[in-house]
Amino acid sequence: MPNLVTEANAFLADFERREQEEAGRAPGWLLEVRREAMRAFLDQGFPTRRDEEWIYTDVTPLRRHRFPLAPRTSTRPATLAPQRFALGLDRGPRLVFLNGRFEPTLSRTGALPEGTELGPLAEALTRTGAADGPGAVLGTLAAAARHPFVALNTAFLADGLWLRLPPGACVDDPIQAIFLAEPRGEPSAAHPRLLLDLGAGARAVVVERYGLECVGALGEVGGLTNTVLEARLGAGAALEVVRVQREGGAEHHLGFTAARLARDARFTQVAVTLGGALCRHETHVDLAEPGAACDLSGLYALAGREHADHHTVVRHAAPRCTSRQLYKGVLAGRSIGAFTGRVIVEADAQQTAAEQANHNLLLSPEALAETRPQLEIHADDVKCSHGATIGQLDDEALFYLRTRGLDAAAAGHLLVHAFADEVIERAAEERVRAGLAALLAARLDLAPGAGGRR
Amino acid sequence: MSAAPAPPLLAIENLQASAGGKEILKGLDLVIRAGEVHAIMGPNGSGKSTLARALTGHPSAVVTGGRVRYEGQDLLALEPEARAREGVFLAFQYPVEIPGVTSSTMLREGLNAIRAHRGEPELDAFQFLKLARQKADLIEMAHDMLSRAVNDGFSGGEKKRNEVLQMLVLEPRLAILDETDSGLDIDALKIVAKGVNALRGPGRGFLVITHYQRLLDHIVPDFVHVLADGRIVHSGGKELALELERRGYAWLEEPAAAPRS
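Quick note, the sequences are listed as chains A and B, same order.
If you're matching positions, the first sequence starts at 0 in numbering that gives the first Met the number 0 and goes up one per residue.
If you're matching positions, the second sequence starts at 0 in numbering that gives the first Met the number 0 and goes up one per residue.
Hints were generated in silico from the structure; no laboratory data involved.
Built from N, CA and C at the ideal position, the CB exists for glycine as well.
A few of these clues could be false.
Computed footprint of chain A on chain B; a stretch qualifies when at least three of its residues, placed anywhere within it, have a C-beta under 8 Å from a C-beta of chain A [unchecked claim]: (1) 50–58; (2) 70–83; (3) 108–115; (4) 245–251.
Some chain A residues well away from chain B (every beta-carbon gap over 12 Å; in silico) [claimed, not checked]: (5) Ser106; (6) Glu116; (7) Leu374.
Which residues of chain B face chain A? A few of them, derived with a C-beta cut under 7 Å, are [stated by the list, open to error]: (8) Val95; (9) Met105; (10) Val219.
Take these sequences, add in the hints, and give me the full structure.
This is the structure in structure tokens:
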């Protein structure tokens with residue numbers, strides 16, 4: 000594929016330009032990590048739908064456009080309103096990033112347990128070496144050599160979230176990481192990186208929010224947000240990640256989340272994908288030691304010609320681990336929602352309990368749901384289940400509600416909310432749940448009073 | 000009843016409807032005036048449920064002829080929710096389970112839509128709850144039923160009682176009860192009847208569809224009609240129900256089977 004090289008070279012040109020600009024500012028080990036990642040990206044090139052992992056998602060739109068690095072923001076940040084993206088969380092740590100860069104005037108960390116490190120990744124990376132701090136987590140769970148977009152994220156690594164909790168530390172309020180794209184009239188790219196390192200018994204909730212902040216008359220331009228999150232959980236640690244994606248209907252979003260769990264650690268993720276021209280989110284969980292547990296849930300609500308593809312890979316590598324997955328899609332218009340869930344149970348992973356479910360609600364005859372469970376079981380004492388459904392709103396329930404005075408739209412919204420609630424309910428924090436319900440209501444363009452409240 | 004004729008609440012003229020491609024109602028006539036309770040009895044398959052569905056706008060009941068005036072307007076031209084807002088209520092024979100939607104959410108949205116239609120202010124959550132709890136007390140229903148998902152995991156009896164609760168909250172002017180007595184033991188039946196009787200009054204009409212006379216011991220009708228093969232073949236007072244209980248329907252169906260001009 001001769002033109003593939005050319006397309007990848009567009010990123011190479013940006014890469015080289017940036018290297019020159021930042022010469023002498025980034026530590027040498029980091030420059031080498033980025034260069035290595037760029038080589039890995041050029042080696043792999045863009046995936047195609049012939050690639051087993053990408054059969055539902057065609058990344059051609061990403062190959063057609065150039066996505067230079069998003070400019071550092073020049074807008075007066077004071078005009079931005081990050082609370083719009085705060086899910087109703089009015090207190091607790093909040094880090095805001097504009098076009099991939101930390102914006103201190105909109106951010107705060109507040110009081111944190113002793114020994115906690117929380118702040119912008121760019122700063123943390125310059126303070127530490129390759130083997131300590133974020134350098135010790137970077138690339139250990141999301142390998143550039145094995146994934147082209149992880150490679151691209153690493154090659155353009157600039158900023159993001161760094162969180163280290165010492166053993167036993169517990170942050171009560173959710174930690175918000177808000178990433179806002181601010182388009183400047185032409186498509187550009189941001190590559191945020193989130194590195195989380197939880198010591199034994201530490202606990203935290205992280206709200207990972209991706210949005211679009213349009214300035215003046217500039218609207219959506221079809222930019223790219225390409226994120227990677229790596230989370231290392233020590234023994235008995237508990238991490239909940241609430242991930243909310245909505246840059247806009249024309250935007251492209253690629254996300255890669257990887258977590259490694261030590262003994263008895265617990266990882267919960269609630270991923271809410273509210274659509275874009277092309278969205279893909281991968282979650283890779285390594286249940287590495289006995290007793291680890293993960294609970295992955297996802298909700299995708301799409302309309303128009305939006306496309307979202309969710310991939311999960313849960314590896315049971317040790318005995319007595321449990322994994323639970325629930326992904327639900329609400330698909331309107333001509334949207335496409337895809338789910339692939341792979342569960343790998345290794346030979347040593349006896350007494351594994353793994354359940355997976357993917358349910359889809361089609362709100363239009365043109366919408367399409369794809370679902371693909373993949374179970375690879377090499378142990379014998381395991382309990383694994385999976386189920387998938389694709390259906391429509393229940394006509395009898397709709398009629399019943401209408402006979403009680405609700406109009407057809409309000410009745411439909413109530414039923415869609417009931418369907419989606421099962422995912423939203425998995426977020427532990429009540430304010431977060433309320434925020435998610437409100438976001439979903441807005442996304443589904445609910446009439447006032449119709450299902451948005453309970 | 001006053002001497003001056005009250006305007007009919009419901010006037011069904013020559014109603015014809017099909018369901019599942021089969022002709023079910025074959026020219027049904029019925030007039031219900033405000034303040035009256037009409038019972039419709041009849042054998043299985045005679046069209047009782049199709050009548051209830053046609054009157055509330057269920058898509059499975061396809062009206063092929065005739066007309067229905069409700070308070071003088073064309074009922075059949077209205078969407079199901081518009082009928083509800085005008086004061087028509089159906090207590091379902093098989094209430095639908097709606098997991099994830101609480102009874103209070105559904106009822107409050109429904110009631111507020113009806114109130115808005117009447118030009119009345121909406122009830123807030125507290126006002127609504129107070130009202131709904133009063134009505135629940137009337138039929139000895141636990142308040143926590145209101146915060147449970149609509150009919151989800153309810154027993155047959157609980158579902159029927161929930162239908163009556165909804166009727167009490169929405170206060171329809173025309174209430175259609177489709178075999179609300181089926182599946183109820185005698186105690187539950189009395190409670191349901193108490194709920195219906197509480198709502199009886201000069202401004203309301205009831206259409207009570209039932210298989211059994213025993214419900215009519217507790218909800219005493221003004222008129223009893225026998226529906227057979229898609230038509231009302233016989234009408235009478237409350238004593239007709241007793242006669243049907245004793246003699247069955249066969250003696251009434253015969254005239255319908257005879258050749259007509």
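Checklist entry - Among all the numbered hints in the text so far, which are the ones the structure does not match? => result 4, 10
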